[in-house]
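**Q** For this one, chain E is given, so just place chain R on it according to the hints.
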Amino acid sequence: QKEVEQNSGPLSVPEGAIASLNCTYSDRGSQSFFWYRQYSGKSPELIMFIYSNGDKEDGRFTAQLNKASQYVSLLIRDSQPSDSATYLCAVNPTGRRALTFGSGTRLQVQP
Amino acid sequence: EAGVTQSPTHLIKTRGQQATLRCSPISGHTSVYWYQQALGLGLQFLLWYDEGEERNRGNFPPRFSGRQFPNYSSELNVNALELEDSALYLCASSPDPPGEFFGPGTRLTVL
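Chain order of the listed sequences is E and R.
Positions 1 to 111 (this note's numbering) are the ones given, in order, by the first sequence.
Positions 112 to 222 (this note's numbering) are the ones given, in order, by the second sequence.
So here's chain E without its partners, still in its complex pose (with noise of 0.2 Å):
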């Protein structure tokens, strides 16, 4: 089992649509999640970051956390074309500060 699980996608949303973004992982002790956005060819963006159960906004963000689950995921509001990109799932894990990241879902925002 891999430590951080992400569907690598393509996810395809209607410009205006809400995109919803997964990720699990397997170690019950992680305490932080982030998650980054990477442009093709360019090097990821940490965009939010989450430590506790519940749901944390930023802007048209919402990060989700359910750690009885072993589940994050990222809301996307209103989503924009210039949202295409991957999105990258990183969990800090258990003793060790290196972040541990998904293979990434790649989001298409159709005009």
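Because the hints were derived from the structure by calculation, they are not lab data.
A few of these clues could be false.
Said to hold, decoys possible - If you anchor each label on the Cβ, the simulated ranges turn out as follows:
hint : chain 1 : residue 1 : chain 2 : residue 2 : range
1    : R       : N182      : E       : Y51       : 28 to 34 Å
2    : E       : G9        : R       : A113      : 30 to 36 Å
3    : R       : T220      : E       : S20       : 32 to 38 Å
As the list claims (entries may be wrong) - A few chain R residues facing chain E, derived, Cβ under 8 Å:
hint : residue
4    : L201
5    : E211
6    : G214
7    : G216
Unchecked claim - Output of the computed footprint for chain R on chain E, the stretches with three or more beta carbons under 8 Å from beta carbons of chain R:
hint : segment
8    : 37 to 51
9    : 97 to 111
Every value quoted in this text rests on a predicted model; they were computed, and no experiment measured them.
Beta carbons are placed, not taken as given, at the ideal position from N, Cα and C, and that holds for glycine.
**A** The following block gives chain R in isolation, referenced to the frame of chain E:
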């Protein structure tokens, strides 16, 4: 605030040669992480340095090595280059608590 910087942007080597990649973290960040991202693949953790010490390394052979200098900058050395070492090499730095900020990367091509 200046971000993470990496040099060179591109590097072309031939099989068997050595490559040296450099990274300067964000001011105040003491941890530096190195990742390899081969074309179409996810981020693979290489090395983590903190306060001049190697704290953790990923599942890579010993010909991948590095160091961190007193000013917290870092270099990654790859000896005896192989064709499959061709990839984007990303450096990231983080404050405490974790949450990594990436540089633009070095694209290494091995011919």
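**Q** Work down the list of hints and note, for each, if the structure agrees.
**A** A quick look at each hint next to the structure:
no. : hint                        : result
1   : R:N182 to E:Y51: 28 to 34 Å : holds (30 Å)
2   : E:G9 to R:A113: 30 to 36 Å  : holds (33 Å)
3   : R:T220 to E:S20: 32 to 38 Å : holds (37 Å)
4   : L201                        : holds (6 Å)
5   : E211                        : holds (6 Å)
6   : G214                        : holds (6 Å)
7   : G216                        : holds (5 Å)
8   : 37 to 51                    : holds (count 6)
9   : 97 to 111                   : holds (count 8)
Every hint, counting from the list given before, is met by this structure.
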